[in-house]
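Novice: Chain by chain, the residues run as shown.
There are 2 protein chains.
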Amino acid sequence: MYDRVKGFRDFYPEEMQARRWAMDTLESVAKRYGFREIGTPALEPTEMYTDKSGEEIVEELYSFEDKGGRSVALTPELTPSVARMFVEKQQALSKPVKWVSTRPFWRYEQVQQGRFREFYQTNVDIFGSSDPAADAEVLAVAVDMLTDLGLTSEDFEIRVSHRDILSGLLESFDADVDTREAIRAVDKRAKVDRDEYLDSLYETGLSYDQAEAFDELLQSSEDELDTLAERSEAVAEATENLRAVLAATEDFGVRDHLTLSLTTARGLDYYTGVVFECFDSTGEVSRSVFGGGRYDDLIEGFGGQSTPAVGFAPGHATLQLLCQRAGVWPEETLSTDYYVLQVGDTRATAARIARDLRELGHVVEADVADRSFGAQMGYADGINAETVVIVGEQDLANDEVTLKEMDEGEQISVPVDDFPGDHDRPTFDDFA
Amino acid sequence: MYDRVKGFRDFYPEEMQARRWAMDTLESVAKRYGFREIGTPALEPTEMYTDKSGEEIVEELYSFEDKGGRSVALTPELTPSVARMFVEKQQALSKPVKWVSTRPFWRYEQVQQGRFREFYQTNVDIFGSSDPAADAEVLAVAVDMLTDLGLTSEDFEIRVSHRDILSGLLESFDADVDTREAIRAVDKRAKVDRDEYLDSLYETGLSYDQAEAFDELLQSSEDELDTLAERSEAVAEATENLRAVLAATEDFGVRDHLTLSLTTARGLDYYTGVVFECFDSTGEVSRSVFGGGRYDDLIEGFGGQSTPAVGFAPGHATLQLLCQRAGVWPEETLSTDYYVLQVGDTRATAARIARDLRELGHVVEADVADRSFGAQMGYADGINAETVVIVGEQDLANDEVTLKEMDEGEQISVPVDDFPGDHDRPTFDDFA
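Chains as they are written, first to last, in full-length UniProt numbering: chain A, 1 to 432; chain B, 1 to 432.
Honestly, the hints are just simulated from the structure, not real lab data.
Some hints here could point you the wrong way.
Because identical chains cannot be distinguished in the list, a pair is counted as satisfied if it fits within a single copy or across any two copies.
Once the Cα atoms are required to be at most 25 Å apart in a straight line, the calculated SDA-like pairs of lysine to any residue come out as [claimed, not checked]: (1) Lys95 with Ala369; (2) Lys6 with Glu65; (3) Lys31 with His316; (4) Lys89 with Gly378.
Keep in mind that this is a model prediction, so the values were computed, not measured.
Full structure from sequences and hints, please.
Specialist: What follows is the structure in structure tokens.
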């Protein structure tokens with residue numbers, strides 16, 4: 001009767017269970033590193049984005065006037081909100097501040113595979129450290145999230161780059177270059193053909209020869225960083241910072257998952273140092289899976305004291321595509337520990353057993369619809385119950401219940417008073 | 001520089017940790033009963049609410065036109081969304097369907113204590129069973145949620161009523177009564193003075209004498225249900241249903257937390273059978289903490305096949321007020337298992353130790369800001385680290401690290417290769 005809004009999704013239990021597993025995995029990694037969960041509003045003042053976000057985000061904003069005449073917007077990204085929160089309590093917060101949160105965001109954009117108008121991200125940020133170890137910790141969290149999802153170095157690679165190397169190289173040419181536009185051109189490099197790419201660099205102020213030379217520099221390997229460093233003091237400083245970050249990732253045990261890739265630029269303007277993007281190694285998921293980097297100027301732009309910051313935000317939809325491609329996405333089925341099946345007037349006992357099993361922490365369903373034996377068995381099968389406890393009138397007359405394992409079909413009678421007894425997860429084997 | 005939108009909240013880590021504990025507690029109870037998590041959109045077609053929700057909700061709607069010209073609304077409640085989802089897959093879903101979800105909702109209403117424009121609820125619903133056991137299971141989940149939060153029968157009571165008893169009684173008078181309006185009047189009974197209450201009943205078609213008589217009937221105790229049943233066939237059926245629900249809650253082990261209270265009516269029009277509300281026993285939290293009930297006609301109203309349904313939705317803000325009043329709300333402080341403190345050039349070892357402790361599942365922070373010993377100690381104290389592992393250059397020269405318990409201040413040197421070793425949660429005592 002009513003249609004869902006285009007680009008918005010419903011998640012039924014089977015899919016939701018797989019998504020919950022993925023979200024819990026991401027959050028649990030961040031929490032083990034001491035990132036603390038925060039909560040943020042779904043609406044913010046529209047001007048926060050029109051002032052601070054990139055043009056693309058502003059064009060895709062869901063904004064409107066509320067009943068109090070405020071212009072408000074559905075949050076299209078988290079960074080402005082956390083910057084606002086950080087600035088509000090900057091004095092009181094003990095630095096570095098390490099925050100994580102998982103929630104939906106909204107952008108009115110073209111709906112396509114892995115891209116929706118309502119999309120979920122887990123945001124991870126550190127405020128208050130410019131030390132290379134902070135960049136490295138963020139990279140370590142990213143790698144641990146991916147490996148905890150079951151992905152290996154065969155499945156993904158994280159390409160690391162540095163904004164100051166890019167801008168330093170651009171400024172080392174004898175030309176008046178619009179650095180911001182040139183970095184945007186680099187960000188689009190893989191999406192356009194070579195002539196279009198060189199044209200776009202030309203439009204930022206480089207000659208065609210310089211554009212070719214610049215692009216060749218971007219393809220430098222790690223061994224060639226020293227050569228790059230010779231081009232200017234700024235480039236030398238940036239390469240030193242990048243090396244220090246990579247050295248820290250070695251200590252943090254994640255260096256093998258990272259490759260240097262100066263053609264990685266990140267689209268957003270606010271990045272200032274190390275930037276990175278995660279890609280599907282096979283290329284089957286063709287877009288960047290997620291990205292992040294350092295943004296040292298943003299907090300000051302929000303009226304706070306100058307505060308270095310670094311972070312990233314895996315989007316769940318592309319991450320799901322990568323996990324599915326790699327075969328590590330869980331089967332989308334329900335799982336249930338016990339179904340307590342009641343036949344005849346046995347509810348008091350069935351309810352007692354269900355309650356005892358739930359107190360042990362198990363997922364336990366019991367009949368709440370007065371169904372027949374067959375209907376209950378069918379339902380138990382449908383929810384993938386592992387063990388069915390049959391509480392029948394006749395068995396109960398003998399003070400027994402029947403335990404049935406749904407996989408093997410084995411079943412056994414058990415004294416009702418011994419069930420669940422001292423067992424943590426009583427099954428056929430405990431009574432056979 | 002930017003202000004948060006009025007009625008919207010930021011949650012910093014300390015408060016968020018307490019809220020996360022409460023949310024996890026609620027969800028974990030529902031999941032043990034076999035309720036399955038679903039995910040739903042933040043925006044729905046506006047007409048879904050203007051057609052189906054009560055007047056109050058429609059007045060408080062955040063609705064606007066999106067860039068595609070659709071009239072959309074920020075979801076003010078979950079029920080229409082789950083009804084839409086249920087109808088869409090009604091044939092394929094195996095009944096009863098048991099769904100749970102936790103998320104924010106939005107209403108433009110007066111901001112006051114425990115009431116915000118963005119508010120969080122955990123919704124719990126069963127579709128496809130009219131059996132009293134379904135009502136009872138929902139009541140059992142509600143009680144278990146409260147007791148798992150640490151609340152006892154001293155702290156709360158759940159008042160149970162029945163819409164069909166109320167309407168049956170109203171219809172048993174020799175008067176042409178607007179039942180819906182009369183039930184709304186009962187819902188406001190505690191909020192207005194007696195004359196205003198009787199006036200509002202009078203306006204629905206009862207005489208003043210009948211209004212007095214009706215109100216007296218509403219104060220019947222459980223023993224007097226038989227007397228009520230004599231008034232009409234409809235009342236008799238409804239009292240029988242109510243008794244069956246209460247009997248099932250006895251089997252489910254939660255009967256003691258429930259009291260019969262026919263003056264409980266619930267404001268929303270769509271309820272059809274048993275309804276209930278949770279109250280603070282001390283009355284200090286003066287509003288209803290949450291409520292729920294049976295709504296058997298709603299699915300059909302959304303274009304589905306007639307499907308009985310029952311559910312409830314605890315709001316987290318009032319629940320937090322109750323928990324705080326009862327002294328069971330957790331202290332809002334951070335908790336951290338380990339801080340790995342590095343002094344000098346010891347990052348490789350410190351990082352290895354931090355990694356090993358994280359693999360054991362602990363929350364472990366380490367320096368990412370190149371701070372002094374003192375600054376790190378201060379930070380470790382600020383995040384309430386239980387144990388500090390000091391990795392110093394001199395100790396490491398002797399192949400040792402120092403373990404320091406922050407509470408007692410005890411410390412001990414431990415061979416670096418034995419740490420963490422085989423210990424799950426190594427502390428001073430394991431090495432003393």
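Novice: Indicate, hint by hint, whether the structure satisfies it.
Specialist: Hints and how they fare:
1. Lys95 with Ala369: For Lys95 and Ala369, only the inter-copy Cα distance (9 Å) is at most 25 Å; the intra-copy one is 55 Å.
2. Lys6 with Glu65: both (22 Å within a copy, 13 Å between copies)
3. Lys31 with His316: The answer is both: 18 Å in one copy and 23 Å across copies each meet 25 Å.
4. Lys89 with Gly378: between (56 Å within a copy, 19 Å between copies)
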